[in-house]
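Visitor: Hey, can you work out the whole structure from these sequences and the hints?
As given, the protein sequences belong to chains E and V, one line each in that order.
Taken in order, the first sequence gives residues 1 to 520; the numbers are from this note's numbering.
Taken in order, the second sequence gives residues 521 to 951; the numbers are from this note's numbering.
Simulated from the structure, these hints should not be mistaken for lab results.
Misleading hints may appear alongside valid ones.
As the list claims (entries may be wrong) - Residues on chain E that point at chain V, a partial pick, calculated with CB under 8 Å: (1) Ser306; (2) Gly308; (3) Phe400; (4) Gly401; (5) Thr406; (6) Glu417; (7) Glu422; (8) Arg426.
Idealized CB from N, CA, C, for every residue including glycine.
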Amino acid sequence: MSISLDSGKLLFKTADWDFDTIRRIDEACQEIAIGELGLNVYPNQIEVISTEQMLDAYSSIGMPLFYKHWSFGKHFARNEAMYRAGMQGLAYEIVINSNPCISYIMEENTATMQALVIAHAAYGHNHFFKNNYVFKQWTDADGILDYLEFARDFVMKCEEQHGADEVERLLDAAHALMNHGVHKYPRRRTTDLRTEEKRERERREHDERVFNDLWRTVPGKDNGRHDPSAIERRRALLELPQENILYFLEKSAPRLQPWQRELLRIVRIIAQYFYPQTQTKVMNEGCATYVHYQIMNRLHDKGLISEGALMEFLRSHTNVVFQPDFDDPRYSGFNPYALGFAMMKDIERICHEPTGEDRDWFPDIAGNGDHMAVLRDVWANYRDESFILQYLSPRLIRHFGLFRVTNDSEESHLKVEAIHDERGYREIRRALARHYDPAYFTPDIQVVDVNLAGDRKLMVQHSAMNRILLEEKDAQLVLQHIADLWGYNVALTEVDALAGTVLKEHTAKPRPGIVPLENP
Amino acid sequence: MHIVDRRLNPGGKNLANRQRFMRRAKSQIRKAVHESTAQGSIKDADEGGEVVLPARGVHEPQFRRSAHGGFRDHLLPGNKEYVPGDKIPRPRGGDGGGGNEGSPDGEGEDDFRFALSRDEFVDLFLEDLKLPDLAKRRVATVESVSWSRAGYSVTGNPSNLALNRTVRNSLSRRIALKRPKPEELEALRAEIEALDESDERRPVLEAELLRKQRRTGLIPYIDPLDVRYKRFDPIPRPVAQAVMFCLMDVSGSMTEHMKDLAKRFYILLYIFLKRRYKNVEVVFIRHTHEASEVDEETFFNSPETGGTVVSTALDEMKTVVEARYSPDAWNIYAAQASDGDNTASDNDRTAALLTNELLPICQYYAYLEVGRDAEHFPPGFIRRESDLWQTYATLIKNGAPMAMRKVGHRRDIYPVFRELFAKKTGVEVEA
Numbered sequence: 001m002s003i004s005l006d007s008g009k010l011l012f013k014t015a016d017w018d019f020d021t022i023r024r025i026d027e028a029c030q031e032i033a034i035g036e037l038g039l040n041v042y043p044n045q046i047e048v049i050s051t052e053q054m055l056d057a058y059s060s061i062g063m064p065l066f067y068k069h070w071s072f073g074k075h076f077a078r079n080e081a082m083y084r085a086g087m088q089g090l091a092y093e094i095v096i097n098s099n100p101c102i103s104y105i106m107e108e109n110t111a112t113m114q115a116l117v118i119a120h121a122a123y124g125h126n127h128f129f130k131n132n133y134v135f136k137q138w139t140d141a142d143g144i145l146d147y148l149e150f151a152r153d154f155v156m157k158c159e160e161q162h163g164a165d166e167v168e169r170l171l172d173a174a175h176a177l178m179n180h181g182v183h184k185y186p187r188r189r190t191t192d193l194r195t196e197e198k199r200e201r202e203r204r205e206h207d208e209r210v211f212n213d214l215w216r217t218v219p220g221k222d223n224g225r226h227d228p229s230a231i232e233r234r235r236a237l238l239e240l241p242q243e244n245i246l247y248f249l250e251k252s253a254p255r256l257q258p259w260q261r262e263l264l265r266i267v268r269i270i271a272q273y274f275y276p277q278t279q280t281k282v283m284n285e286g287c288a289t290y291v292h293y294q295i296m297n298r299l300h301d302k303g304l305i306s307e308g309a310l311m312e313f314l315r316s317h318t319n320v321v322f323q324p325d326f327d328d329p330r331y332s333g334f335n336p337y338a339l340g341f342a343m344m345k346d347i348e349r350i351c352h353e354p355t356g357e358d359r360d361w362f363p364d365i366a367g368n369g370d371h372m373a374v375l376r377d378v379w380a381n382y383r384d385e386s387f388i389l390q391y392l393s394p395r396l397i398r399h400f401g402l403f404r405v406t407n408d409s410e411e412s413h414l415k416v417e418a419i420h421d422e423r424g425y426r427e428i429r430r431a432l433a434r435h436y437d438p439a440y441f442t443p444d445i446q447v448v449d450v451n452l453a454g455d456r457k458l459m460v461q462h463s464a465m466n467r468i469l470l471e472e473k474d475a476q477l478v479l480q481h482i483a484d485l486w487g488y489n490v491a492l493t494e495v496d497a498l499a500g501t502v503l504k505e506h507t508a509k510p511r512p513g514i515v516p517l518e519n520p
Numbered sequence: 521m522h523i524v525d526r527r528l529n530p531g532g533k534n535l536a537n538r539q540r541f542m543r544r545a546k547s548q549i550r551k552a553v554h555e556s557t558a559q560g561s562i563k564d565a566d567e568g569g570e571v572v573l574p575a576r577g578v579h580e581p582q583f584r585r586s587a588h589g590g591f592r593d594h595l596l597p598g599n600k601e602y603v604p605g606d607k608i609p610r611p612r613g614g615d616g617g618g619g620n621e622g623s624p625d626g627e628g629e630d631d632f633r634f635a636l637s638r639d640e641f642v643d644l645f646l647e648d649l650k651l652p653d654l655a656k657r658r659v660a661t662v663e664s665v666s667w668s669r670a671g672y673s674v675t676g677n678p679s680n681l682a683l684n685r686t687v688r689n690s691l692s693r694r695i696a697l698k699r700p701k702p703e704e705l706e707a708l709r710a711e712i713e714a715l716d717e718s719d720e721r722r723p724v725l726e727a728e729l730l731r732k733q734r735r736t737g738l739i740p741y742i743d744p745l746d747v748r749y750k751r752f753d754p755i756p757r758p759v760a761q762a763v764m765f766c767l768m769d770v771s772g773s774m775t776e777h778m779k780d781l782a783k784r785f786y787i788l789l790y791i792f793l794k795r796r797y798k799n800v801e802v803v804f805i806r807h808t809h810e811a812s813e814v815d816e817e818t819f820f821n822s823p824e825t826g827g828t829v830v831s832t833a834l835d836e837m838k839t840v841v842e843a844r845y846s847p848d849a850w851n852i853y854a855a856q857a858s859d860g861d862n863t864a865s866d867n868d869r870t871a872a873l874l875t876n877e878l879l880p881i882c883q884y885y886a887y888l889e890v891g892r893d894a895e896h897f898p899p900g901f902i903r904r905e906s907d908l909w910q911t912y913a914t915l916i917k918n919g920a921p922m923a924m925r926k927v928g929h930r931r932d933i934y935p936v937f938r939e940l941f942a943k944k945t946g947v948e949v950e951a
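Guide: Written out as structure tokens, the structure is:
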């Protein structure tokens, strides 16, 4: 082996590092990320933390400050016990979608690992956070840290004023509904007067244009315009049906105190902040992994890191993108790093060395020679579901040996529906993409109606997809939380999404504790 | 770019969450602590450590899709042999189809291991016990004496002579009294020798030499006034170490149940002592008709056969104390567990050994008579007390500072433990 590196240029020579090393690594990474890959990132802030602090961050969903709740203590205890027992390693980094973008790096990492982490988090994730449309739409990177501080202080103040138990009960209930506390579609913005006026004018012009006096003579059921029924009015008033259960309770639960509504709102807003992450896992990790792979290799090309460091990086990288087969005992679903990285590398290949098949499947990008432009566009404008639906190539399907199996409880056997062959590509791609659709992996539960005239019973409905019902014990517990917040009875109906038939019903009565009850 | 070093931030950020969690799961943690002490070894019991909590009580419910029924769709990597249309028999253990998809949190949480710090552990453990405070004070005030330097004195043992200080005193006295230095005398003598016999200065110098020699003789080099000795003062110091003797009869008549009861008692005593002393050592002595010191594993688990002669164990304990645990330096605690059998001829010797040799050096001596779990006697039937019980009862009647109890069931262990210490306090108050 010929080593002709000028060791004077190396960013670091041993595993040890100090702040100056980190600074030099960051500068070198930045040169490649911005200059060569054309990334667009928030300013970086790198924070060096200890193991205990990493465990801390783990338990509060990675955020640097958070309100206090027993469940975070539980997660901390569990993680700590697993870590101490050696059953679980810690992540090398945690990165926060904020402006400036905060990356935590662990003090125990070697210099090579710090370079990897900086390339991965401070440039890969950072670019994705800043440019991806889902994040742009849903999260406010400038305000999140301030908001968390407000949330922490507000919860503390509530605990002082109303007692820790009261707050804990409310947060328990809110946490149970956290997955159903997000708006999945951008809500209608209230229009300003100018647009309102313009719209009204257009509507009038349209009426004049299509006016035909003949319509007046057509006999109708009754003469006047018929009133929307009471039920429609009520639904419009309460914005029903509503799939954001926390939002509904915050706005409409009759007996909550203002501070209780504010707590629900805090949990809801934090849930909303994390919502983009759940639907961009593959892309986010794919983007970060691709970026660190490029940067580390370029650092080596430029003689800034040694052969040894490159080997250390590759070992770690290979572990990260390892995808066990389905029959491997280590298999636990798709590894988002593996899938994401493979797809990014595949796009690079299609741009530069397309096969005939690629030209058929991806006529837009095959052989266009500028993979970074394509990738930047992909990172900005897709989420996991649409990304896989658009860019999973037949070659990758073959590479992973993907196949689709269906399991119908009414059949005695599982059935292989499609495999990685000409007939199966499209079906597999469509099916895999669907697994990454939030509408697919969270059950569809909506508030559908309230009996305002009678006992104020709240009607909640689960549209059961593919006849899969809710896990009963948990459903009952969560429903109990809804009832406690609502203050009146609640009924949950599980309805077959296609046939509309009722499959199962649950009910819950409120317990005293959160809101005062009418008939204790 | 900023680099911030957060390592210096105060740790324990999660303490408040942890306390909230502990409060929430208190009853379960407490139960787990008690269970873990029943399984663990005696020394481990106090290390804090892991307890396993059932996930149920601290479960965080979510709306989740059930893992059963319905129509499911799996996409799996790594196809090797399947072609479309293949039928695969449903894997055993449910209809999951090999995939772990579904809820991202995983289907149902496992029980999880939870590490308690030593303090949390002991607090929870003793919280239940409600040990009387008096008992603790009794143990805490035990003291011994150590010696420490405290300046100088004019009297003392020659071995404590403070040489430096003595010579210093002597030097200053010699200077103050103008004792001629040997060099001066030497110089004077040389000067005289250098002069002629007839020099007129000679008689003057000789007179001077004579005067100085006389002065040297009068002023001693070291005077008894100069001598100093190092002074030591006695400092009372609590003895920070304790040794706990576990004596147990392991003859055939001791069942597993009885040993279990004894073990629980030893654990309690160990934890209790550990709270008071930095260093607690445990000595296990088992006996049949002969006694030997063994390790914990052998003590509890390996069966022995033979007769029962209690005094052998006491002898062994005495030997061990003499060899390794001087009562001056160690607080000695002993707990004896037995089913009460003893060879009749040995009772007198046992009593004598205890009264004369062991009780005077022990802080505490407890005798625990373990019985069978379900020993029921018809009403009106008076059970004959065991040999050992009768012997010890006589001792206590005569004022021996020891305590004894009978235990038949696990649930009696804590109350008995409490009682024993309460009684001990009473004895001391009287004394």
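Visitor: If a hint holds in the structure, say so; if it does not, say that too.
Guide: Against the structure, the hints come out as follows:
1. About 23 Å separates the beta-carbon of Ser306 (chain E) from the nearest beta-carbon of chain V, more than 8 Å, and the hint is not met.
2. The beta carbon of Gly308 (chain E) is not positioned within 8 Å of any beta carbon in chain V (closest approach about 25 Å), and the interface hint is therefore violated.
3. Because the beta carbon of Phe400 (chain E) sits about 4 Å from the nearest beta carbon in chain V, less than 8 Å, this interface hint is met.
4. Contact between Gly401 (chain E) and chain V, as hinted, is supported at the beta carbon level, the nearest pair being about 4 Å apart and thus within 8 Å.
5. Look at Thr406 (chain E): its Cβ gets to within about 6 Å of chain V, closer than 8 Å, so that hint holds up.
6. Annotation: interface hint on Glu417 (chain E) holds; nearest CB of chain V at approximately 6 Å, less than 8 Å.
7. Look at Glu422 (chain E): its Cβ only gets to about 11 Å from chain V, farther than 8 Å, so that hint breaks.
8. The closest approach between the C-beta of Arg426 (chain E) and any C-beta of chain V is roughly 13 Å, which is over the 8 Å cut-off, so the hint fails.
Hints 1, 2, 7, 8, counting from the list given before, are not met by this structure.
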